[in-house]
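Student: Same order as they appear, the protein sequences are chains A and B.
Under the numbering used here, the residues of the first sequence are numbered 1 to 259, in order.
Under the numbering used here, the residues of the second sequence are numbered 1001 to 1390, in order.
Some hints here could point you the wrong way.
[What the hints assert, rightly or not] Output of the computed footprint for chain B on chain A, the stretches with three or more beta carbons under 8 Å from beta carbons of chain B: (1) 67-73; (2) 92-100; (3) 118-128.
[Said to hold, decoys possible] Each computed EDC-like pair below joins lysine to aspartate or glutamate, with the alpha-carbon atoms no more than 20 Å apart: (4) A:102 - B:1019; (5) A:85 - A:75; (6) B:1020 - A:75; (7) A:102 - B:1210; (8) A:156 - B:1210.
Note that these hints are calculated values from the structure, not bench results.
Glycine residues also receive a C-beta, built at the ideal position from the N, C-alpha and C atoms.
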Amino acid sequence: MSDLILDVRGLHKSFRLSAKQQKIEKTKQKVKVAVNDLSFTAHRGEIFGLLGPNGAGKTTTLRMLATLIRPDAGDALVDGASIVKEPERVRERIGFLTSELKLEDCFTPNYLYDFFSHLHQVPAEVRGVRKQALFSRFGIDRFAEVKVADLSTGMKQKVSLVISIVHDPDIIIFDEPTNGLDVITAKVVTDFLQELRGRGKTVLVSTHIFSLVEKLCDRVGVIIDGAMALCGTLDEVCQGKSLEDRFFDLYVERMGEDA
Amino acid sequence: MKGGMLTIFRKELARFFGDKRTALATILLPGLLIFAVYTFMGSALSSQFSVDEDFVPAVQAVNLPGSVSALAGQAGLDIQPAQDVEAAKALIQEEELDLLAVFPPDFDGQVAGYDVTSGAPAPAVELYYNSASVNSSAAYAQMAALLEGYETSLSNKFDVNPGDGTTYDLATQADTAGTLMSSMMPMLLMIFLFSGCMAAAPESIAGEKERGTIATLLITPLRRRDLALGKICALSIIALLSGLSSTIGTLLSMPTLMQMEGGVGAAYTPVHYLALCLIILSTVLFIVACISLISAFARTIKEAQTYVTPLMILAMVVGVTAMFGGGASPHLWAYFIPFYNSVQAMAGLFALELNWTHLLLTVGCNLAYTALGVWGLTRMFNSEKVMFQR
Chain A
1 MSDLILDVRG LHKSFRLSAK QQKIEKTKQK VKVAVNDLSF TAHRGEIFGL LGPNGAGKTT
61 TLRMLATLIR PDAGDALVDG ASIVKEPERV RERIGFLTSE LKLEDCFTPN YLYDFFSHLH
121 QVPAEVRGVR KQALFSRFGI DRFAEVKVAD LSTGMKQKVS LVISIVHDPD IIIFDEPTNG
181 LDVITAKVVT DFLQELRGRG KTVLVSTHIF SLVEKLCDRV GVIIDGAMAL CGTLDEVCQG
241 KSLEDRFFDL YVERMGEDA
Chain B
1001 MKGGMLTIFR KELARFFGDK RTALATILLP GLLIFAVYTF MGSALSSQFS VDEDFVPAVQ
1061 AVNLPGSVSA LAGQAGLDIQ PAQDVEAAKA LIQEEELDLL AVFPPDFDGQ VAGYDVTSGA
1121 PAPAVELYYN SASVNSSAAY AQMAALLEGY ETSLSNKFDV NPGDGTTYDL ATQADTAGTL
1181 MSSMMPMLLM IFLFSGCMAA APESIAGEKE RGTIATLLIT PLRRRDLALG KICALSIIAL
1241 LSGLSSTIGT LLSMPTLMQM EGGVGAAYTP VHYLALCLII LSTVLFIVAC ISLISAFART
1301 IKEAQTYVTP LMILAMVVGV TAMFGGGASP HLWAYFIPFY NSVQAMAGLF ALELNWTHLL
1361 LTVGCNLAYT ALGVWGLTRM FNSEKVMFQR
């Protein structure tokens, strides 16, 4: 397909467990497989959701796509750039946002916006226009010169979001986009993701919230225990049931009596 | 991408100077503290080992002979006869009395009749004093000098350095200052530079890891090498400023501390200062690279500081080597060893023995080691194990 923008092929990632982690996980295995042969694709102008319980490997997958960690095997092409061979080109093409990515408390949103624009080599005149648009879109303009430390949690999240897209990337990867946000801020964020889709951007979100997927996503991949259980459009996955019911069917199928 | 390095460099400086309190505490405070403490130490030391100008020691004597009494009178010593030897000793212990001199009976007669070649023990004078009392020590020194002068005057065959206005110590003031500076300054500078680096580097690298802000940088197209270089350059400038403030504080307090007339810097030419700047700059880059590597490995600022402490002690111990061994090492290999090369090159420089081979070797090695550090730091920024371990 010509509008294919993200092509994930057989991603594999395992972590070495320390003795302490082995005790917590109640396992004798030294290696934990976090992501096991995961493949999916995403297209321009769609919101793709990775749905799965905690510990299913969603975050690990997104971190591999954002080139923060390397896959043990497999590869993914982000707008034609390989996450294994050309991590720098990938980073130019994506905006990545998770709650792990913090902003330095002592700077103002204004300074940080310029700083990250420099790192993304955004031309100065483009930067100014974009900053004004984004700051007024999220109501940051009133707080532009307030240190991040003094901002509310919601405002911090909005600033993080704005800063992750200073370079107007074609792919936005968003780990748990509404976690820890109040309903109003959450609505601002989901509205914005839909707006990005309207502008032809691709949005990849991970979540464990069914309603978010139903409301937002065009296509969904259900990840259980590091592997893709099912992937397709929302209708294909649900097969007439509610997403929640479908998910638990799949979960019992995969995990057997452990579930 | 040169721009990336410059952006990081500017951000690090903006971050440091944006926090006025930390910036002042790191840069101004060390210099001020060192100046205050050293000046205080200097004046305290000098007042401790000198007696008041109008001090007249309280001296008692047993069997005071006429000859000594006359000499003492000329020297302005007032000697009272002692009533009881044991009582006088007790008074000295209590610091009520400064000195007790016990002469044998008929001292003058015994001295006149004593034949040096006879091999018999010479007539002895016993001086009791209390070394814990400054006044008593001064009285002892005065009395001993007086008696020695008397002894010399009895059989004066020749004199050594009789005085009368001639200066016999031909060392110039520059030499004296140079020897002093070359034994002290390398160690002090190492400590100052190291503390400057300690104040900035763990905060900037381990701190970014701890606060989770480094990942935000790592997902931008910024090259890891630019990140490493930008940080090391900015941190070096902060460390240099802090080291500079401590050094100025030391140099200003040096005359008081060492009881030296005038400044200590007068002997050095601009070339010396330029050479010193080169050594210091290369050393700071190297130290910052070391601490940055350790900080990148550590998970928290505290952990980083714990790991760096042994290195700081090592640098201090190496700094002490400048105090021994009589000047800079003549061996070429010494200038390949990190820390030691800087200390030795500085020792030579302060002693006014500028050796360009040693100097360039030191600077070159330090820069090479720093480049190695940048390479290592780049690799660590690339390593998910190092950056994201919990």
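Student: For every hint, state whether the structure bears it out.
Tutor: We went through each hint and held it up to the structure:
1. 67-73: Our answer is that it holds, as 4 residues pass the Cβ test (under 8 Å) against chain B, meeting three.
2. 92-100: holds (count 4)
3. 118-128: That given contact holds, which follows from 4 residues of the segment 118-128 of chain A lying within Cβ reach (below 8 Å) of chain B.
4. A:102 - B:1019: Satisfied, since the Cα-Cα distance of roughly 19 Å is no more than 20 Å.
5. A:85 - A:75: 9 Å, holds
6. B:1020 - A:75: Not OK: residue 1020 (chain B) and residue 75 (chain A) at ~47 Å, beyond 20 Å, violated.
7. A:102 - B:1210: 10 Å, holds
8. A:156 - B:1210: Given pair residue 156 (chain A), residue 1210 (chain B) holds - Cα atoms ~18 Å apart, limit 20 Å.
Checked against the numbered hints given earlier, this structure breaks only hint 6.
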